[in-house]
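Residue numbering for the sequence shown is 198 to 1021, as defined by the numbering used here.
One should not assume that every hint holds.
Stated by the list, open to error - When the alpha-carbon atoms are kept at most 30 Å apart in a straight line, the in silico BS3-like pairs for lysine-lysine are as follows:
id: 1; residue 1: K998; residue 2: K976
id: 2; residue 1: K583; residue 2: K486
id: 3; residue 1: K976; residue 2: K1007
id: 4; residue 1: K406; residue 2: K426
id: 5; residue 1: K532; residue 2: K486
id: 6; residue 1: K290; residue 2: K229
id: 7; residue 1: K812; residue 2: K753
id: 8; residue 1: K229; residue 2: K264
id: 9; residue 1: K245; residue 2: K264
id: 10; residue 1: K245; residue 2: K224
id: 11; residue 1: K426; residue 2: K224
id: 12; residue 1: K406; residue 2: K357
What the hints assert, rightly or not - Simulated restraints on C-beta separations:
id: 13; residue 1: L268; residue 2: T385; range: 19 to 27 Å
id: 14; residue 1: D316; residue 2: H573; range: 36 to 44 Å
id: 15; residue 1: D378; residue 2: G950; range: 40 to 48 Å
id: 16; residue 1: G648; residue 2: H412; range: 28 to 36 Å
id: 17; residue 1: D722; residue 2: D378; range: 48 to 56 Å
id: 18; residue 1: D1012; residue 2: Q545; range: 53 to 61 Å
id: 19; residue 1: A228; residue 2: Q545; range: 46 to 54 Å
id: 20; residue 1: L848; residue 2: N887; range: 38 to 46 Å
id: 21; residue 1: H573; residue 2: D722; range: 35 to 43 Å
id: 22; residue 1: S858; residue 2: G648; range: 30 to 38 Å
id: 23; residue 1: D722; residue 2: S754; range: 17 to 25 Å
id: 24; residue 1: K532; residue 2: E854; range: 29 to 37 Å
id: 25; residue 1: K532; residue 2: N887; range: 24 to 32 Å
id: 26; residue 1: T857; residue 2: P714; range: 29 to 37 Å
It should be emphasised that the hints constitute simulated quantities derived from the structure, not laboratory data. Virtual Cβ for every residue (Gly too), placed ideally from N, Cα, C.
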Amino acid sequence: MAKAELPVIIGIAASAGGLEATTSLVKNLPAKANASYVVAQHMSPTHKSLLWSLIGRETELPVIELKNEDLTPQPDTIYIAPPNFDVIMDNGKIGLREPSGHPGTPKPLADRLFKSLADECGERCVGIVLSGTGSDGSYGIRAIREAGGVTIAQEAGTAKYEGMPSSAIHTGCIDLTMSPDMIGQQLTGILASPRDFAELKSFTGNPSKLLDLYHILLARTGVDFREYKETTINRRIARRMVAQDIDVYDDYVEFCRETPSEVDALYKDMMISVTRFFRDQSQFNQLTKVIQTMVEENQDRQLRVWVAGSATGEEAYSLAILFAEAMGGLEAIRKERIQIFATDIDTQALEVARRGVYPLSAANDVPRHYVDDYLHISGDTLEVDKHLRAVVLFSRHNIIQDPPFINMDMISLRNLLIYFGSSLQEKVLSRMAYALVPNGKLFLGSSETVGAMHGHFETQSLPDKIYSKRGLRQSVQATANFLPLTTLHRGTQTQTRNASNTQTFDMFETLIRVLAPNGFIATRDNVIIRIIGDISDVTELNENSALLRLSTKILKSDLRPEAGSLITLCLRSQTARSGRWHNIEGPDFDQLRLTCYPLLMDGDGEDHVLFSVEKREAQPRNLASEEMTNQDRMMYMRQIEDEIASTREALQQTIEELQTSNEELQSVNEEMQATNEELQATNEELETSNEELQATNEELITVNEEMQINSTELQQLSIELAAILEATPYPTLVVDPALQIRHGSAAAIRYFGLSELPQSGTHVSACVDANGMPHLVPKVAECFRHRESETLEFDDGNGAKTLTFTPIFKGITQDIIGVIVTVL
């Protein structure tokens, strides 16, 4: 069956507390929705499951427990995985498989189900994570999101055990969080949404239709998506429209304007922060040989590696493992020998990466000997060894906008280029070429190539996408043709403000060029964000480099301190300030100076300055020259006096800044000391808490062992009681305070006219009274009230009989918990 012909497949993952959540969900499922539901509920391997029966009571949809045979999913049908099996989607069918991975992984494994749904169904699948302990499902949820499916988690506050839903939510890959009953209702809208979104497809080749949404994203996040692939953008927008049950694009744009959280969710979708350990294992097998050669040839220096778009860090740690192997093992890898820079613009993904803790199911992607040597299994999590974490530095970095790292021996740029348009791909690869040392290695994803940049890279292994940098490093101008950039990232609010400032500069560009035909715009932090005209006399850059964020340190050495002082003086006085005249070396004897104008922004806008580079013909230096008139000498003396005054002012400003810096450093030092004391106290508290937790854990283990012993004894007693009742020739019943029959002998079936062996829940009134026998119901009730035994004689036609009522008392409280009815 083709993918489009299959119903939408909805995977439901649950563990402890999941039965209640699942039954609540299925109660509200639509009757006709062309969807199949697959339930992966964690169960003990030896447990005889009645889950299909329990769920079947709550819904009119057919409920089927999966057996050995793979089944083609039928619309509006619920499939239940039995204990001790995994369930997956394979070749258009739902089937059971032997459990895979580490022995400690839960069964059925939700991550494996979700991954198979993503591979088989793409955007025609939904992943739902309900109540449960641990983190199963959080890895598979990422795969569904990457494939374009919808992801839902139970609201943590409504879950009996919030481990699984919370872990899924923390991945940042969950579209909706709500209570189970609301999930069932929400699915109605999701399944009714059009899956093709023809309106969005019509935008292909006409990106202006998406400009409003691009502007909303830019204002909120500071990231420009205009050069991403249109098909990718359209798919992510369509996915969010499905999740929000919105069918019209213009309605979705308005929803984004009014709902900042939806803009954040769309931004997260654009990021696609999905990866895993050793993704595409065959590529890593070849890379192992390349790394071994790199290590052998560079024994005397530190290797530098950059993982761009590192997401949650699995790929960075995979490379760290390979380098550790090449260097001789875990103890041999250290910062002096290798530094791995792992960057991404998704701060939430970076937080996960820094922790280095992943669901246990992640171990399925790692060769077993690597798990043993470099990772630690703790409960249901997989933790990266601290030696590996020490050599990997995670940082927020935008490869499109921020300056690249340099002197890199290897760059891993995997599965990023596929989301960029061809122009942006070329720009990014140009930056990678600049960042690599000669013969440095570039590692791409399985479906990516260097394309038009083949002149900069030599193919080392085409099937494995490993390339070597050709020749010398490019000039910085070759990488400077990017969009206008803003100042250093300071969170979403600052990014939004910077985006607004850039638009303001564009509006007043004509005015700026009149005031400063040749110059540049800088921030109060000495960062150049725009170059105007020709400033080659003060730096090596020109207007072609105007869009690269640079420090004023790129100015010539005698201008750097003056530029910093002018920025401070200009913004403090809010007036234009000029530096002294500097001589220009060259055939034409000219002079130049910097004049700084304040650009003050309203409200919370960050203040900037405009530098104008002014030139003039040099004044004669020899005061004794006969060519100089008295007026020339006076002008020259005045110039020297101005320079001295300017120098004094700059010196005074430097002294004040130094004093301020000293005071700030002293304050910071005091705060650090206080913080250190607090950390020490916190550490001691944590150690105490850890000891208490260990003690509690030991107590729980003991209690659990006792419970297991009691359970075994209780099971044995139940078997013995059943045997006694089966063997006794006398009709015997055990009745609880609700007059429900708890147990009964085989003889009781015949004597009291019962159709089968009495089960818990059968009322005593179901018994047929024998001839001459008093009615049982009032007699049993009377025994409970009086708490005394009673014996009655009667003749049932087959001879005299004795009917006894014996109360059962509980422990020292002597509460009556039952009555034994016997006919002798």
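- Query: K406 and K357: Cα distance at most 30 Å?
  - Reply: Roughly 46 Å separates the two Cα atoms, so the pair is violated.
- Per the hint of 24 to 32 Å, is the separation of the Cβ atoms of K532 and N887 within bounds? 29 Å, holds
- Has the hinted range 30 to 38 Å been met by the Cβ atoms of S858 and G648? 48 Å, violated
- Query: Does the Cβ-Cβ separation between G648 and H412 fall within 28 to 36 Å?
  - Reply: Taking Cβ atoms as reference, G648 and H412 lie about 29 Å apart, which means the hint holds.
- Task: Take the C-alpha atoms of K245 and K224, compute the straight-line distance between them, and say whether it is at most 30 Å.
- Result: Distance ~24 Å between K245 and K224 Cα, so the pair holds.
- Within 48 to 56 Å or not, the Cβ separation of D722 and D378? Given about 52 Å between the Cβ atoms, the range holds.
- With respect to the beta-carbon atoms only, verify the hint that D378 and G950 lie 40 to 48 Å apart. Since D378 and G950 have Cβ atoms about 44 Å apart, the given range 40 to 48 Å holds.
- Task: Please work out if K426 and K224 have their alpha carbons no farther apart than 30 Å.
- Result: With Cα atoms ~41 Å apart, K426 and K224 exceed 30 Å; violated.
- Quick one, are K406 and K426 close enough, alpha carbons at most 30 Å? With Cα atoms ~14 Å apart, K406 and K426 stay inside 30 Å; holds.
- Message: Would the hint linking K812 and K753 be met if the CA-CA limit is 30 Å?
- Response: Measuring from Cα to Cα gives roughly 16 Å; hence the hint holds.
- Task: Take the C-alpha atoms of K290 and K229, compute the straight-line distance between them, and say whether it is at most 30 Å.
- Result: 21 Å, holds
- Task: Mind checking the hinted window 53 to 61 Å against the Cβ distance between D1012 and Q545?
- Result: 55 Å, holds
Of the hints listed earlier, those the structure fails to meet are numbers 11, 12, 14, 19, 20 and 22, in rising order.
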